[in-house]
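Engineer: With these hints in hand, go ahead and build the complete structure from the sequences.
Protein chains in written order, with our numbering: chain A, 1 to 367; chain B, 1001 to 1367; chain C, 2001 to 2367; chain D, 3001 to 3367.
Honestly, the hints are just simulated from the structure, not real lab data.
Careful: at least some of the hints might be erroneous.
Covered by chain C, per the in silico footprint, the following chain D stretches (three or more residues, Cβ under 8 Å) [stated by the list, open to error]: (1) 3086 to 3099; (2) 3195 to 3201; (3) 3229 to 3235; (4) 3239 to 3249; (5) 3311 to 3322.
Distance ranges between label pairs, derived from CB positions [what the hints assert, rightly or not]: (6) B:R1285 <-> D:T3069: 55 to 61 Å; (7) C:P2028 <-> B:R1220: 48 to 54 Å; (8) B:D1294 <-> A:E292: 30 to 36 Å; (9) A:R40 <-> D:D3208: 47 to 53 Å; (10) B:R1291 <-> C:R2277: 39 to 45 Å.
Glycine is no exception: its CB is placed at the ideal position from the N, C-alpha and C atoms.
As a plain string of letters, each chain reads:
4 protein chains.
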Amino acid sequence: MSSKVPVAVLGATGAVGQRFISLMENHPWFEVKVLTASERSEGKRYIDAVNWVVPGEIPENAGDLEIRTSDTGESLGDDVKLVFSALPTENAKEIEPALAAKGYLVCSNASAYRMDPLVPLLIPEINPDHVHLIEAQRAQRDWPGLLIAAPNCAVTGIVFPMRALHDAFGVTQMHAVTMQAISGAGYPGVASFDILDNVIPYIKGEEDKVENEPRKLLGRLRDGAIEEAEITISAQTNRVPVMDGHMGVLSIKLGRKARIEEVIEALDSWEAPAAVRDLPSTPERAMVLRREPDRPQSRRDRDVGNGMTISVGRVQECPLLDVKLVSLVHNTLRGAAGGALQNAEWLVASGYLGEIVPETVATAAAR
Amino acid sequence: MSSKVPVAVLGATGAVGQRFISLMENHPWFEVKVLTASERSEGKRYIDAVNWVVPGEIPENAGDLEIRTSDTGESLGDDVKLVFSALPTENAKEIEPALAAKGYLVCSNASAYRMDPLVPLLIPEINPDHVHLIEAQRAQRDWPGLLIAAPNCAVTGIVFPMRALHDAFGVTQMHAVTMQAISGAGYPGVASFDILDNVIPYIKGEEDKVENEPRKLLGRLRDGAIEEAEITISAQTNRVPVMDGHMGVLSIKLGRKARIEEVIEALDSWEAPAAVRDLPSTPERAMVLRREPDRPQSRRDRDVGNGMTISVGRVQECPLLDVKLVSLVHNTLRGAAGGALQNAEWLVASGYLGEIVPETVATAAAR
Amino acid sequence: MSSKVPVAVLGATGAVGQRFISLMENHPWFEVKVLTASERSEGKRYIDAVNWVVPGEIPENAGDLEIRTSDTGESLGDDVKLVFSALPTENAKEIEPALAAKGYLVCSNASAYRMDPLVPLLIPEINPDHVHLIEAQRAQRDWPGLLIAAPNCAVTGIVFPMRALHDAFGVTQMHAVTMQAISGAGYPGVASFDILDNVIPYIKGEEDKVENEPRKLLGRLRDGAIEEAEITISAQTNRVPVMDGHMGVLSIKLGRKARIEEVIEALDSWEAPAAVRDLPSTPERAMVLRREPDRPQSRRDRDVGNGMTISVGRVQECPLLDVKLVSLVHNTLRGAAGGALQNAEWLVASGYLGEIVPETVATAAAR
Amino acid sequence: MSSKVPVAVLGATGAVGQRFISLMENHPWFEVKVLTASERSEGKRYIDAVNWVVPGEIPENAGDLEIRTSDTGESLGDDVKLVFSALPTENAKEIEPALAAKGYLVCSNASAYRMDPLVPLLIPEINPDHVHLIEAQRAQRDWPGLLIAAPNCAVTGIVFPMRALHDAFGVTQMHAVTMQAISGAGYPGVASFDILDNVIPYIKGEEDKVENEPRKLLGRLRDGAIEEAEITISAQTNRVPVMDGHMGVLSIKLGRKARIEEVIEALDSWEAPAAVRDLPSTPERAMVLRREPDRPQSRRDRDVGNGMTISVGRVQECPLLDVKLVSLVHNTLRGAAGGALQNAEWLVASGYLGEIVPETVATAAAR
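Structural biologist: Structure representation (structure tokens):
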């Protein structure tokens, strides 16, 4: 028996699916065993079906896997219980709950169920306890499996400084303008004809996500339900000609007044909850504060902590609300595949994988 | 005698200086006769001294001019009274008032005196009456000449929708995030090493300008002084890898509540004051409202109206303030040389050039 | 009766189709009357069906036209005889000859029939007499209409300096490396995910075209057939992150030795044949020679002559062959829609449109 | 006593100097102890003087070093004998031989002495024996130290496939067109105003280097002198808007005819000499052959082997010479600091550092 948890990646030929496979090439706990894609690719070897667009080469073991269809049937086989979904939203809508109903543990990167009241919207450093919403999910949905979701990529970058400030002072209002990388649109995604030497002040559906998901992420799990944080958010989202890295330009109103030095101190001293610090994908520092006037920058800071560290900076008093700052996230690592992978690690450490976890992994997760 | 007003361009070898020369190649009223630059270029023919970086070729008449120094001496000669300044701020500080004191009429693009209480900060479509602040300037400074300034390039784009909304409903607060083109930093300006595949969330001194200049532009001339508009502005300014075009992402609080349809109508129906519409550099439409969800865009909309038309769009209700929208300006045309040139035209039409205006121009300006 | 020739544009919703429509907005001879696209768009107003991606707004008259299908049926109506084809190659293959067989005069930008021995591959400045290959085409194909083709966009830029050198010294060998803009791939074309911060050393099918089309263009029409020029060409074609402008980096072996000054003189003094100089789309100078060490450049020189002028430069001795130089073409203007439009003008001036030409146009063309 | 060789970096604040420092952060043999820069920075801590532009953070030990001047005096102190030069050419010209004359072992990245007949121009995988030209250098220059040079960044990428083909078939002619990244121009280097959305067909002095340096690199050391390889090269060098990675587009004439399969096999099977394979900076594979039609690509392949592996591909028959191919090098790693660092490692392994090598390093180098 292998010493790792076998996993499936749904939507494996897309850009996020590729990132999942790339990140799990040498993962200490997980091993990719099943890949699915649209019918067009069914039956092909992965290496023959995929147009590999992420950095590095196709991991050898994944390259030889035969692609199955991303449908709701029995196609995932008997060995795999843990499933990463990089499905398009419309497909995720149908497939993800169907798989949970069949007993699969689904860690999704899709937007379909993020705001579902019974689905944990999870970032281990931000709201680790929300994982227990699974109890209510199981009770009410009667699923032998489960479904958890990772938030939108732009939201992921923004919610880290929000968390630190919410803990310290409360956050009641936020104005958020984003400058988002083209990789956020997947592959082929944004046409170069549209974005070279250009800014597009529109990303379909994105403003809604930025205005709503942080409220759930910063909410409280109480009596089997999430009470959303009472924060009013106004978002304007933009596409810029940058490869990776979503920059959030934020202006925040605090629950109680604070001097700018206190705000800086709160951001600088914030740390992820101890329980999640040893997960394999948790970076050494969840968030770093830059004090140079011109940082963080998309290209220069997106790769910090293997793309899992959020960089914030330019903290200033705001003449309108209380504090202005910027926050940068690597959108396809922390903001997509890396985040969903870390969520699965948190599932393991929280005991939700039960007997399918090999002893070595169980021991490591229990450290 | 020539039928055009002879003019000088100070700082003629820089990117804005080049735009001035390019825009006046076939100007109906003005003709470039004197060029100045730093000592290094003194005595050289313009064509030999300049590294021409703006579109098109060096206009023939300018290419042959001998460069003079941008100092405060007699170097501009006797023929020229009207002067366009594209000087760096530190040089403008000393040279511009010295020239005004000698009788020159200085139309500046520099930031040095924009917030000087006796210097009109002018956009003909926005605050044409501010030109009469010159009366107070002359009275108090005892200058035989005069000095007027064009606003910052990012401010120029933002202040058009502000004007329309201020007229209709009053504007009391604004949150402004900008995404600014690299041409705004002049030449050589931003290193490609810094900006390729990157966003830099910092432009030195820019946030102050965006927070202050609109207050003066939208203020009232009363008793020989500008009463600034009481608008609180919070600005965050960013550099993006775009050649030309500054995008302002705005969220605005109105003096009185208005439905979003009224706001849209106010923007759509706003027109420049009739008196300035026939200036040679005034575009057919000062501001156009785009109704597509993804416009304006920097590359696709910056050249509208020969780069003199402001494009606004994405008008939406704002959950925090009242209305969100974006506004785009061509930063080196409307936002720099084109704006300063139009200011000079307004000086002519307002009668400030007196006898130095040839009769044909005077007639045209009087239409 | 209108004073212009009514025309149809096939494949009107694509990027080249849009350029055709844009260029004919104020064309003195032609007027767009019929637009076709794929079945998906059939019956829609053009303005509702098109994702307009080229500069400027959709011309009003075109916006209101109802789209017909690009099939081979009677859908073009009775009024139109002159047809511009911006069809994808696979569609062009079937549709273009079918239309010629029905009596339409087809000016194609597609690659399908460029190397057909009976189809003129035409650039008016380069090989105006090839238009008469139409005689052989009509004789052998028995078409009441006709079909002519414009060359590949990269070829168009390269063949101008080749023509000048071939005329002066003969050209026997050429090594050509291209750096091609993303607009050459149409819309959506190249994914930004693929080309931002990247060079792709491959464009499908392009090297064949660069190695073959110049031989036909520089060939001789003799006895109703083109004798290809005996020039051996080796091509390597690359995609670079540039919006418009294909740069050809050439190394050329001449038929007889020439000093570099003679080569420069031959390039500088070359002029388009007098007969084609008055066509509406012929630029003032077909080719300009730049003498600066760092010109032409893609962004700075592509728009010369409204994008119809070829810019060459960096003429040097070549240690291997005889002469090295670079040549730049605006690939979607001169190299696509603009070139095909000029071909149609040459058809008119050559008398091939017969009675469908209004008298005013006939008179103008006869100048 | 430290277990590493203490080294100095000259020109430490420039982009290449930064790369040296970054690469030696955890180098097993070398430790940065002395940094020099221009007088402006003298006496400052490195962290206060440098505008750090390369990836990652400033290594801690380097950040605290006090900068000395890059002059020829005693400023390097007594502890350091091994010196890396990232000086501008004009400074290198004077300083490098002066240091060699004082007993320093100078590994240069500058172009000043690359073609000096007594200075080894070295790439360990390409011409490891050229290091022994040092014997002649010492004999004739009477230097107690020594001076070796790394080749031009574009040359470095090109010479690997040349080496493989020269070994197998002989190479007699080469046509080389390059598409070079902006980082090759150092910092600030190329203005974004010049290169965004542009190709510049000119890099000062570069074509000479590409035409000459490979002849020396592939030459033979015989009787204390390098006999250059008899290869005629024609180069055309271009700047493209890419961050890192120089692409060489090559067409090569072989000494004896070979089928394309043999050429491919020769490239695929070529390996670096065994003696240099264990140097710390030698990558696992010195050169990889890509068989996809569209690889290598600048962004996707530059980082292979930590930026030390050359990627070649698109091997095809050439209608003019014999074989066409492209070759990609990471210009600031393999092509600059990484290459010069590996040269120093080869000096160590070749015994040229003598007693200044700690025993642990000597042992490692002797493996």
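Engineer: Looking back at the hints listed earlier, which ones does the structure fail to meet?
Structural biologist: Number 1 only.
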